[in-house]
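Asker: Please build the complex by placing chain B on the supplied structure of chain A, with the hints as guidance.
Number of protein chains: 2
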Amino acid sequence: MSATEALAEYVTHSTLDAIPRDVRDEAKRAIFNYLGCALGGAVEPALNVAIKTLAPFSGNATACVLGRVERFDALHAALLNGIGSHVHEYDDTLPKNYIHPSVPVASALFAYASANPISGRDFVHAFILGFEVESRIGNAVYPAHYAAGWHITSTTGVFGAAAAVGKLLGLSTKQMVWAFGLAATQAAGLREMFGSMAKSFQPGRAAQNGYTAALLGQADFTAGERGLEGPRGFAAVTAAQYDLGKITAGLGKDFERRDNAYKPYACGLVVHPTIDGCSQLHREHHPSPDSIAGVRLRVAPLVLDLCNKSTLKRALESKYSIYHAAAIGLVRGKGGLQEFTDAAVADPELERVRAVTTAVGDETISEDQVHIEVVLRNGQTLSKFVEQSLGNLHRPLSNEQLTEKFVDQAVLALPRSQVDAIVDQCWHVDSLSDAGDLARATVPRATSALRSGRTTH
Amino acid sequence: MSATEALAEYVTHSTLDAIPRDVRDEAKRAIFNYLGCALGGAVEPALNVAIKTLAPFSGNATACVLGRVERFDALHAALLNGIGSHVHEYDDTLPKNYIHPSVPVASALFAYASANPISGRDFVHAFILGFEVESRIGNAVYPAHYAAGWHITSTTGVFGAAAAVGKLLGLSTKQMVWAFGLAATQAAGLREMFGSMAKSFQPGRAAQNGYTAALLGQADFTAGERGLEGPRGFAAVTAAQYDLGKITAGLGKDFERRDNAYKPYACGLVVHPTIDGCSQLHREHHPSPDSIAGVRLRVAPLVLDLCNKSTLKRALESKYSIYHAAAIGLVRGKGGLQEFTDAAVADPELERVRAVTTAVGDETISEDQVHIEVVLRNGQTLSKFVEQSLGNLHRPLSNEQLTEKFVDQAVLALPRSQVDAIVDQCWHVDSLSDAGDLARATVPRATSALRSGRTTH
Numbered sequence: 001m002s003a004t005e006a007l008a009e010y011v012t013h014s015t016l017d018a019i020p021r022d023v024r025d026e027a028k029r030a031i032f033n034y035l036g037c038a039l040g041g042a043v044e045p046a047l048n049v050a051i052k053t054l055a056p057f058s059g060n061a062t063a064c065v066l067g068r069v070e071r072f073d074a075l076h077a078a079l080l081n082g083i084g085s086h087v088h089e090y091d092d093t094l095p096k097n098y099i100h101p102s103v104p105v106a107s108a109l110f111a112y113a114s115a116n117p118i119s120g121r122d123f124v125h126a127f128i129l130g131f132e133v134e135s136r137i138g139n140a141v142y143p144a145h146y147a148a149g150w151h152i153t154s155t156t157g158v159f160g161a162a163a164a165v166g167k168l169l170g171l172s173t174k175q176m177v178w179a180f181g182l183a184a185t186q187a188a189g190l191r192e193m194f195g196s197m198a199k200s201f202q203p204g205r206a207a208q209n210g211y212t213a214a215l216l217g218q219a220d221f222t223a224g225e226r227g228l229e230g231p232r233g234f235a236a237v238t239a240a241q242y243d244l245g246k247i248t249a250g251l252g253k254d255f256e257r258r259d260n261a262y263k264p265y266a267c268g269l270v271v272h273p274t275i276d277g278c279s280q281l282h283r284e285h286h287p288s289p290d291s292i293a294g295v296r297l298r299v300a301p302l303v304l305d306l307c308n309k310s311t312l313k314r315a316l317e318s319k320y321s322i323y324h325a326a327a328i329g330l331v332r333g334k335g336g337l338q339e340f341t342d343a344a345v346a347d348p349e350l351e352r353v354r355a356v357t358t359a360v361g362d363e364t365i366s367e368d369q370v371h372i373e374v375v376l377r378n379g380q381t382l383s384k385f386v387e388q389s390l391g392n393l394h395r396p397l398s399n400e401q402l403t404e405k406f407v408d409q410a411v412l413a414l415p416r417s418q419v420d421a422i423v424d425q426c427w428h429v430d431s432l433s434d435a436g437d438l439a440r441a442t443v444p445r446a447t448s449a450l451r452s453g454r455t456t457h
Numbered sequence: 458m459s460a461t462e463a464l465a466e467y468v469t470h471s472t473l474d475a476i477p478r479d480v481r482d483e484a485k486r487a488i489f490n491y492l493g494c495a496l497g498g499a500v501e502p503a504l505n506v507a508i509k510t511l512a513p514f515s516g517n518a519t520a521c522v523l524g525r526v527e528r529f530d531a532l533h534a535a536l537l538n539g540i541g542s543h544v545h546e547y548d549d550t551l552p553k554n555y556i557h558p559s560v561p562v563a564s565a566l567f568a569y570a571s572a573n574p575i576s577g578r579d580f581v582h583a584f585i586l587g588f589e590v591e592s593r594i595g596n597a598v599y600p601a602h603y604a605a606g607w608h609i610t611s612t613t614g615v616f617g618a619a620a621a622v623g624k625l626l627g628l629s630t631k632q633m634v635w636a637f638g639l640a641a642t643q644a645a646g647l648r649e650m651f652g653s654m655a656k657s658f659q660p661g662r663a664a665q666n667g668y669t670a671a672l673l674g675q676a677d678f679t680a681g682e683r684g685l686e687g688p689r690g691f692a693a694v695t696a697a698q699y700d701l702g703k704i705t706a707g708l709g710k711d712f713e714r715r716d717n718a719y720k721p722y723a724c725g726l727v728v729h730p731t732i733d734g735c736s737q738l739h740r741e742h743h744p745s746p747d748s749i750a751g752v753r754l755r756v757a758p759l760v761l762d763l764c765n766k767s768t769l770k771r772a773l774e775s776k777y778s779i780y781h782a783a784a785i786g787l788v789r790g791k792g793g794l795q796e797f798t799d800a801a802v803a804d805p806e807l808e809r810v811r812a813v814t815t816a817v818g819d820e821t822i823s824e825d826q827v828h829i830e831v832v833l834r835n836g837q838t839l840s841k842f843v844e845q846s847l848g849n850l851h852r853p854l855s856n857e858q859l860t861e862k863f864v865d866q867a868v869l870a871l872p873r874s875q876v877d878a879i880v881d882q883c884w885h886v887d888s889l890s891d892a893g894d895l896a897r898a899t900v901p902r903a904t905s906a907l908r909s910g911r912t913t914h
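Chains as they are written, first to last, in the working numbering: chain A, 1 to 457; chain B, 458 to 914.
Source of the hints: derived by calculation from the structure; they are not laboratory data. Cβ coordinates follow ideal geometry from the N, Cα and C atoms, glycine included. Some hints here could point you the wrong way.
In silico lysine-lysine, BS3-like type, Cα no more than 30 Å apart, as pairs [as the list claims (entries may be wrong)]:
1. B/Lys631 - A/Lys313
2. B/Lys776 - A/Lys174
3. A/Lys174 - B/Lys770
4. B/Lys631 - B/Lys509
5. A/Lys96 - A/Lys313
6. A/Lys52 - B/Lys776
Distance ranges between label pairs, derived from CB positions [said to hold, decoys possible]:
7. B/Arg771 - A/Tyr98: 45 to 53 Å
8. A/Phe194 - B/Gly709: 27 to 35 Å
9. B/Leu773 - A/Glu367: 52 to 60 Å
So that you can see chain A by itself, here it is in the shape it has in the complex (with noise of 0.2 Å):
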């Protein structure tokens, strides 16, 4: 049997009571970590032209939009989930082979949940299929693929998509068979858009068209049936080298879905373990500002290449800066979204920290290590080494860290009493009687009597 067809039909014949426990409840943290970074990303300029011009083009508008007011056709809220969920690229991420896998699918399955009845147990089941379907295509092509410059989280999500929708719509093997043809002439976005608002648009992109391959192939519109394997498909085309058995060893047994990784702050990896460190010390110590009399960081050298600036002017920068990972851990104990605004970046707090730390290289430290001294005014020193980084798979968040992550990226577009009733709702996915409550309880409340019709543009 081809690995499309493999695959194919282990979507279709796939029962939720045969997958373990702890990978339904690894799903379950993943959805809760994806609908917070949509909720983030809701009020992000990226997400407002995009949903200003798509508007006149917008079907029956029976699906909602993470954390909006306007409807949409799913298949247009699909694109639009998916932009604002990875905006910020704060999102998950497959350390093996860097897709961030949450994206494509879970933001075409909240789309399809907001227009169609489906029980929270067949959502959480069609995303673990998504997920699998998408990540096991990865590794047959990573790092090839990934390294030519491919999107590898759009052009492996489409896949994604298409699976996790198929299975909702009842897809037979063949049809899903179609519906991977459909995706794998579909699959596009390259790295060479990093940067710029096409980035977030990718995924997005790879959502609706995931979406669609279902669509088409529930009619029957026929494709190509060896979409990955064919010697013009989706692997030969795409990847100088790859290993389709990676695409079937051990399906069904062994699951990606246990090797996700959330990051616990908005920024680039290699400063998280000195937030995270100096977070440790703010929680330990609560120094004022004022008593920090100076911060000695020992980093590994790759972290002063990428993250040297000193004085910020602008968020971006902010995102770069190892004196700023330093400050924030320290002064607020955290680096969520609004550790990295232009107002982060003039507070005076903030800059008084940053202006008394120094860091050097030391290449007996990781880059997921950092060697932190902190001298306050009375002479007192605090020291922390960080072994292991918060968030990489030998130290996951916590739920109450995802949760502390989730309602700092909520309340940018929701009043605080919403977040938390969405909080509770979404670690209960999977008892929910129709998942699509869960992606109306987003939609702002202010304007809630918008909800029941099309909005006008």
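Answerer: Coordinates of chain B only, in the frame set by chain A:
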């Protein structure tokens, strides 16, 4: 100046008056040939399925689908026009890079024109520019890109559609650069899909995605600004070897438009010389099928490798039969869509001529040639040597032949009187005050009461 920027600047600054008359005339021939193909495919199953599946997702139904009563938003109309016009693979070809250039560009333009007022002059101008953009990008990455397995019509067509629609939307050069970035990051389509409905979906999706790229560019949705030449841009990622100089060499002076070819017959190229020569004998001698005692063909050896089917069961097989090619030429004097149907396969007159036809391979005969001997029952022998087959660049179809091809296809979707009116209007597309009138003229009249309203499904 980068290739992306140079191409964007050329498109945004181009004037129609600076484009030579012969190029503008050839553009009209391409538009004419395109529209005939769109009508020939307007009742095909692939289009029916796509229309039915996507109807609920259409936005404001401001646009026509060529040859159909259903109305859609312009983005969906671009997709659907693309499916219909490519489904028979009877559209035009650039011999030097194998792009079928008109479908992605004209599919987007007809959709745009049917929803927005635009003069025939501007329509033709935008068509020429889109054509130039996709063909030059194709030249830069051909042959490595095509050999790798990319369906070059769709991967380059998305740029052509973005250029054409972007020109009509009045994008600035910077916005056009973003539109090209958004096109680059949506460029997709695999040759693995050939032989399925997904084949015609690809250039349709390119039309729709390029149109979307132009809309987003106009709204200042940013993208990477080196979409073509960046280290992780379109050329480097999709072609092992490429020459970006071909994108800009002679831009505004040399026109790709001049090298476009139109298929005279609705089948694979290698049997074209036989249909051509036999059609000439039909016109010159009018031999009745009963009078033909034998047909002896000498053909390039490849022809027998590919097209040696003498016993035919299904319509599709007739496209790969050198015997059928001889029969339709001698009996009907043409090789349009209706010569490759189940009815044609079962036609007793064609069957009789197929049965008395023999073919031998001859290495002195090129794939563009054939030697034909027809022995009549009265002992007379008719001979014909075709040195260059009709439809290649040295023997282009005349406007009369293009008209015959158009009518032959269009009558499948529309009554003859309506077809004749469209033919007349299309040859004067550049003088229309509203090019959308041409799109609207293709809507089947019997149901014209539906034209002003949105269809429901």
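Asker: All hints are to be evaluated individually against the structure, with a verdict given for each.
Answerer: Structure-based check of all given hints:
Only pairs whose Cα atoms come within 30 Å are accepted, and B/Lys631 paired with A/Lys313 is accepted, the gap being roughly 26 Å. Between B/Lys776 and A/Lys174 the CA atoms are separated by roughly 27 Å; this keeps the pair inside 30 Å, and the hint holds. As the CA atoms of A/Lys174 and B/Lys770 are separated by approximately 26 Å, the hinted pair is consistent with the 30 Å bound. For the hint linking B/Lys631 to B/Lys509, the alpha-carbon distance of about 38 Å lies beyond 30 Å, and the restraint is violated.
Note on A/Lys96 and A/Lys313: the hinted pairing is violated, with a Cα-Cα distance of about 35 Å set against a maximum of 30 Å. Between A/Lys52 and B/Lys776 the CA atoms are separated by roughly 48 Å; this puts the pair beyond 30 Å, and the hint is violated. Roughly 47 Å separates the CB atoms of B/Arg771 and A/Tyr98, a value that falls within the hinted 45 to 53 Å. In this structure, A/Phe194 and B/Gly709 meet the distance hint of 27 to 35 Å, their C-beta atoms being roughly 33 Å apart.
About 58 Å separates the C-beta atoms of B/Leu773 and A/Glu367, a value consistent with the hinted range of 52 to 60 Å.
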